[in-house]
Amino acid sequence: MPLAWGIVQMTLHNEPVLWESLLDTLNPQQKEAVLFKENQLLIVAGAGSGKTRVLMVKVVYLIQKDNVQPEHILAVTFTNKAADEMKERLLSLGISINTGTFHALALKILRSHGHYIGLEKNLVVYDEQDQKQLVKNTIDELSSNMAITEKPADAVEWINRKKDDLIEPDSEQSVTNSNLNSVYKYYNEKLSQCNAVDFGDIILKSIKLLKQYPDLRAYYQHKWQHILVDEYQDTNTAQAEFLKLIAGSNKNLTVVGDPDQSIYGWRGANIDNILYFNKTYPEARLFKLERNYRSTSKILSAANSLIENNLERHKKRLWTDNQKGPNVKALRVNTDREEAHLVCDLIEQHYIKGIPYRDMAVFYRMHSLSRVIEDVLLRRGISYCVIGGLPFYQRKEIKNVIAYLRILFNEADLISWKRIINIPARGIGKKSFEKIVDFTISQKIGFLDALRENKNIAGLSKKVRKECSALSDLLSGYKNKFADNENWEQETEQFFDKIGYIPYLEYAETAEKAGLRVNNVRSFFEAVYEYKKNNPIASLEDFLQTVSLRSGIDEWDEQEDKISLMTLHCAKGLEFNLVFLIGLEEGVLPYIRDTEDVSQIEEERRLCYVGMTRAKENLYLLSSKKRFSYANPVYAEQSRFISEIPDLKTQQPSKMKKQKKYYKPVNYDITASDEKFNQQIDEFLPGDYVYHYDLGKGQILGGTGKGKSKKFVILFDGDKTPQTVVASYAGLTKLEQ
DNA sequence: TATCACGGCGGTTCT
DNA sequence: CGCCGTGATA
1 MPLAWGIVQM TLHNEPVLWE SLLDTLNPQQ KEAVLFKENQ LLIVAGAGSG
51 KTRVLMVKVV YLIQKDNVQP EHILAVTFTN KAADEMKERL LSLGISINTG
101 TFHALALKIL RSHGHYIGLE KNLVVYDEQD QKQLVKNTID ELSSNMAITE
151 KPADAVEWIN RKKDDLIEPD SEQSVTNSNL NSVYKYYNEK LSQCNAVDFG
201 DIILKSIKLL KQYPDLRAYY QHKWQHILVD EYQDTNTAQA EFLKLIAGSN
251 KNLTVVGDPD QSIYGWRGAN IDNILYFNKT YPEARLFKLE RNYRSTSKIL
301 SAANSLIENN LERHKKRLWT DNQKGPNVKA LRVNTDREEA HLVCDLIEQH
351 YIKGIPYRDM AVFYRMHSLS RVIEDVLLRR GISYCVIGGL PFYQRKEIKN
401 VIAYLRILFN EADLISWKRI INIPARGIGK KSFEKIVDFT ISQKIGFLDA
451 LRENKNIAGL SKKVRKECSA LSDLLSGYKN KFADNENWEQ ETEQFFDKIG
501 YIPYLEYAET AEKAGLRVNN VRSFFEAVYE YKKNNPIASL EDFLQTVSLR
551 SGIDEWDEQE DKISLMTLHC AKGLEFNLVF LIGLEEGVLP YIRDTEDVSQ
601 IEEERRLCYV GMTRAKENLY LLSSKKRFSY ANPVYAEQSR FISEIPDLKT
651 QQPSKMKKQK KYYKPVNYDI TASDEKFNQQ IDEFLPGDYV YHYDLGKGQI
701 LGGTGKGKSK KFVILFDGDK TPQTVVASYA GLTKLEQ
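At position 397 of the first sequence (counting the first as 1) the number is 397 in this note's numbering, and the numbers step up by one without a gap.
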């Protein structure tokens with residue numbers, strides 16, 4: 001994709017865009033899909049088949065050949081990052097169109113017109129954490145009347161699925177679980193009281209709005225006469241309905257996707273949207289892009305063989321003219337440690353051959369698998385970045401900052417109030433908070449007013465009253481400053497100074513964590529400035545609503561020369577020369593233990609397929625006989641997916657070229673559960689010389705803990721400062737010296 | 001109300 | 001293992 005796009009950019013550099021020259025870069029199938037315009041069309045585009053390019057050229061073609069006004073074109077993508085990328089690429093051709101995710105678009109609609117259905121403009125978006133909090137309150141309150149056994153997290157999941165599937169409370173499909181139905185209904189009421197929406201609501205309420213107001217619908221249908229949707233296989237029922245409403249009966253709808261890459265079923269994505277596209281759009285034309293430009297033929301044929309094991313799929317077989325390339329390699333090792341070392345060995349080998357780190361990636365089924373790899377990469381001094389994990393805006397210290405800002409423009413946001421009312425500790429605890437909330441309800445006033453009138457709230461202590469007044473003064477003051485001042489961004493830092501937030505972080509945590517958190521908060525302030533610089537007329541609300549829709553993959557900076565570590569879900573849409581798929585074991589990938597559930601296994605298989613098809617030239621599939629899971633060893637068979645690929649002989653690493661430096665002919669797979677080893681560990685004493693498989697020879701200076709958590713302080717040869725290592729994890733061997 | 005210690009439990013994660 | 005929520009105690 002980048003390569004092909006490079007050609008396009010070269011052709012167009014500093015010249016008026018010529019759609020003819022762009023069309024010339026396309027193959028016949030791609031060309032056909034671009035030129036077709038009588039009806040809605042579905043492009044089933046295999047991995048690496050240049051679908052992004054087709055979408056781009058189509059946009060250019062529409063504008064230049066068909067004289068479509070750019071503002072009438074809308075491109076919908078799966079992530080913010082994809083939206084930004086598309087926008088930027090087109091901008092480099094001098095073209096500006098609307099791009100965004102379903103949620104970003106729908107949120108804009110709600111902000112502009114949500115007041116028709118009772119939503120104020122200053123609404124906030126609740127993420128899963130906020131949802132859990134609100135559902136917890138809901139369950140607590142309902143529990144006096146009914147026995148609700150579901151955990152808040154499960155209830156949230158249930159509610160989200162219902163919203164994705166367009167199922168309302170009290171409807172036939174909701175009352176099947178009467179408890180959860182009640183939670184659902186009451187939770188929705190609470191959301192409205194907070195003037196908040198969750199992610200499901202963003203789509204759901206937009207649908208309601210568009211259905212209820214035909215002129216509004218007509219307005220958007222006119223505004224977006226040409227709609228292009230990427231990653232259509234991952235849309236849910238609600239999103240498909242939303243699309244149907246904004247597309248109307250117009251014939252200019254293009255959706256692109258690949259059913260074989262549908263990996264979000266567990267989150268409500270409805271694969272039928274793409275499989276039965278013509279049920280909704282009977283006249284739609286189907287195009288298939290089956291030529292792959294990304295991978296070597298060996299990688300492609302391995303991936304093809306795998307995915308052909310899925311029964312619920314549209315038949316298609318990707319082909320390529322690319323060279324054969326090196327074999328796909330399946331490697332089985334003894335432990336996760338060994339796997340990590342092997343990955344690092346191979347990384348170093350390929351790096352020497354000229355593949356930059358930025359063109360390498362390690363994929364895994366779940367984040368927890370990254371730890372061992374990270375550890376080894378770190379020790380070997382190979383730079384890497386982990387994509388995903390805990391996103392910046394979900395960190396506690398950042399969520400608190402956001403909560404403070406949120407209440408300044410949406411006083412009704414009780415979840416945020418609850419979050420910050422006692423941070424830093426000011427003696428206003430749970431009980432006092434509830435009293436204040438009750439007061440706001442009985443007096444029908446806002447939270448800030450309630451804080452100010454604390455003398456009328458029964459049962460508050462003198463100290464609490466004092467704190468309430470102080471908080472009320474502080475917040476009221478800044479509420480005005482933020483609202484009235486165009487340069488509101490200049491107030492943020494001072495605001496948190498007044499609150500005493502940084503000192504709070506410094507006192508509350510250990511020095512190391514405190515530093516990290518303070519840095520994060522400072523980064524947040526920088527992000528505020530950055531945002532304001534790029535969006536000079538934006539308000540604080542705009543900023544907060546933007547960040548509420550951002551996360552994980554959006555933070556990725558691909559400029560730096562680092563190896564990327566990420567989950568398979570994160571890998572969708574990306575490509576790398578060298579790809580490692582680790583943890584290819586039964587119980588890890590496929591994760592599901594229930595071998596009966598075909599559709600779940602098939603989704604796991606698609607996940608594996610997505611991972612494999614990210615590789616351009618080199619692909620390694622690694623598995624380990626033993627792996628640590630929450631500090632317990634787990635033994636697993638090699639994944640069935642490996643045996644589903646013919647011609648793939650699993651190699652033992654012993655047959656591979658080793659870098660002696662890192663491989664010592666001892667079994668460094670010594671585990672905490674090994675009794676003999678535990679006894680051995682207890683015999684290690686300060687002064688003893690030991691061998692550490694990574695760090696080499698060293699002398700024990702001291703130790704703490706015992707058993708599994710036994711730690712040693714060791715001064716390794718060549719080091720100036722000693723290091724602390726966890727004995728059970730370090731695989732130490734005693735040296736006679 | 002604040003703090004600490006303990007128990008339970010853990011997927012993937014876009015928006 | 002490490003995080004989170006809960007319950008006991010000052």
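Don't read these hints as lab results, they were simulated from the structure.
It is possible that some hints are incorrect.
[Stated by the list, open to error] In silico SDA-like cross-links for lysine to any residue, where the CA-CA straight-line distance does not exceed 20 Å: (1) 649 <-> 305; (2) 298 <-> 317; (3) 132 <-> 398; (4) 251 <-> 35; (5) 223 <-> 237.
Treat the numbers as computed from the prediction; the structure is a model and nothing was measured.
These are the hints, each one checked on the structure:
1. Pair hint residue 649 plus residue 305 holds up; C-alpha atoms about 14 Å apart against a cutoff of 20 Å.
2. Taking the CA atoms of residue 298 and residue 317, the gap is near 14 Å; set against the 20 Å cutoff, the hint holds.
3. Between the alpha carbons of residue 132 and residue 398 the distance comes to roughly 18 Å, so the proposed pair stays at or under 20 Å and holds.
4. Between residue 251 and residue 35 the CA atoms are separated by roughly 13 Å; this keeps the pair inside 20 Å, and the hint holds.
5. Taking the CA atoms of residue 223 and residue 237, the gap is near 23 Å; set against the 20 Å cutoff, the hint is violated.
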